[in-house]
Amino acid sequence: MWDILGQEQLSNIKFVNLIMDIQELITHIENEFDELPNGVLYPETSIREIEGWSSMHALILIALVDNHYDVLLTGEELKNALTVQDLFSIIVNRKS
Amino acid sequence: MNIELTHIEYFLPEIELTNSHLAERFEKTEEEIYKSTGVLSRRIRSESQIGSDLGLYAAERLLSNFPELKKKIDLLIFCTEGLDYKAPTTASTLHFKLGLEQNCACIDMPMGCAGFVYGLSLAKSFILSENATCVLFITADIPSSVIHSDDFEMRAIFGDAGVATIIEKSVRGKIGRFVYGTDGAGAENLIVSDGSTRKPIDENWLIKYSNETDSLAHGRMHMNGLEIARFSLQKVPILLENVLHKNELSFEQIDLFVFHQASDFILKALKRKCKIPDDKFYTYFENIGNTVSCSIPIALYHAEQEGKLKRGDKVMLLGFGVGYSWAGTIIEY
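These protein sequence lines map, in sequence, to chains B and D. Last residue of the first sequence: 168 in this note's numbering, with the numbers rising by one and none dropped. Last residue of the second sequence: 749 in this note's numbering, with the numbers rising by one and none dropped.
Treat the hints with care, since some could be wrong.
Calculated lysine to aspartate or glutamate pairs in the DMTMM-like style (CA-CA distance at most 20 Å, straight line) [claimed, not checked]:
1. Lys-151/B / Asp-490/D
2. Lys-651/D / Asp-158/B
3. Lys-726/D / Glu-584/D
4. Lys-684/D / Glu-149/B
5. Lys-684/D / Glu-107/B
Covered, in the sense of this in silico footprint (three residues per stretch, anywhere, with C-beta under 8 Å from a C-beta of chain D), are these stretches of chain B [stated by the list, open to error]:
6. 93-104
7. 113-121
Computed, partial: chain D to chain B, Cβ under 10 Å [said to hold, decoys possible]:
8. Tyr-450
9. Lys-451
10. Val-587
11. Ala-645
No lab work stands behind these hints: they were computed from the structure. Positions of the beta carbon are idealized from the N, C-alpha and C atoms, including for glycine.
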């Protein structure tokens with residue numbers, strides 16, 4: 073099936089998969105951060121600018137990623153994750 | 417020969433540090449503090465009390481309830497991170513204050529959050545090797561003595577306490593096999609570095625902390641909460657599996673899981689990661705916080721009081737923390 077798809081279509085499919093996966097991460101974060109309404113986070117959202125962000129949220133992210141993706145982020149990785157997209161990329165890299 | 421934990425008694429100091437006190441000091445609401453820590457209140461020692469005092473009160477309470485034990489005790493283990501002196505052992509001073517027999521061995525064990533499980537192991541080993549028959553195991557910690565008044569996170573989580581337990585040859589119960597672990601690379605993430613032999617405090621320290629109780633002369637605790645959470649999430653689930661394997665039991669055969677009561681966040685994260693059902697996961701944290709080496713026996717005491725722990729139940733005990741150190745076993749209560 074893949075043979076008959078053009079390069080553009082293939083990259084679109086990968087892109088759609090990426091969007092779906094990052095959306096799943098966003099949903100997890102929105103569910104775990106009690107005070108956060110659904111639909112307010114985007115891939116480009118700066119993690120530390122999430123309303124009410126505190127050191128406790130860093131712990132929640134560590135546990136959330138560990139629980140859903142079986143990836144135990146290091147403090148350094150979390151520090152380097154400026155946006156939700158960055159966080160997602162770290163998870164993808166660690167999983168690959 | 418089987419060994420069992422037969423008695424638990426504990427003592428909390430009278431001074432209460434409530435969320436209302438903390439809210440006043442840190443410009444947070446009581447609700448915010450409870451939500452972020454899961455703690456409503458903690459007990460704090462008075463300036464004249466140290467760890468061994470809290471342990472002594474717990475032991476006196478236990479021995480006044482069961483005076484027949486006093487002549488039987490032939491090993492006293494004292495676990496704390498706040499020993500009375502560099503020498504002699506604090507266990508021997510407790511031995512004297514309690515009026516125990518002179519044929520009693522005394523050992524200090526500065527072990528922290530894994531200390532209760534380590535102490536059970538030591539007591540079991542002494543009894544199995546026929547070097548003791550009745551062990552008084554006292555745990556007592558006063559983390560408040562090494563927490564700076566500005567350190568909100570630690571003040572909100574930790575509390576002081578003393579516990580006395582008796583371990584004897586078994587009539588009905590059992591203490592199972594133990595699993596231990598150590599990773600000294602994590603030492604810096606939870607440490608009281610000053611105030612001891614390697615880094616004694618000096619005049620500058622005393623001036624710097626002159627507004628703190630005792631000028632923080634016992635040292636100041638530093639905690640990297642993120643790294644401690646990572647350590648817990650990484651090591652405790654593996655410890656759980658290894659303890660089951662070593663005791664040849666399945667997950668379903670465990671009636672109750674009692675972990676070191678590290679923090680509300682860590683306990684909830686571990687429960688979820690280890691997939692432990694609510695009714696099998698006991699916590700006693702809300703009213704006392706993290707009482708270091710005392711947290712597991714206090715939880716056992718209350719689990720029994722609440723009818724959640726019955727004689728014959730298989731209980732998994734997991735201790736983990738400073739060091740890093742971790743240890744686990746299964747007791748048949």
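Going through the hints against the structure:
{"no.": "1", "hint": "Lys-151/B / Asp-490/D", "in the structure": "violated, 53 Å"}
{"no.": "2", "hint": "Lys-651/D / Asp-158/B", "in the structure": "violated, 26 Å"}
{"no.": "3", "hint": "Lys-726/D / Glu-584/D", "in the structure": "holds, 18 Å"}
{"no.": "4", "hint": "Lys-684/D / Glu-149/B", "in the structure": "violated, 23 Å"}
{"no.": "5", "hint": "Lys-684/D / Glu-107/B", "in the structure": "holds, 18 Å"}
{"no.": "6", "hint": "93-104", "in the structure": "violated (count 0)"}
{"no.": "7", "hint": "113-121", "in the structure": "violated (count 0)"}
{"no.": "8", "hint": "Tyr-450", "in the structure": "violated, 12 Å"}
{"no.": "9", "hint": "Lys-451", "in the structure": "holds, 8 Å"}
{"no.": "10", "hint": "Val-587", "in the structure": "violated, 42 Å"}
{"no.": "11", "hint": "Ala-645", "in the structure": "holds, 5 Å"}
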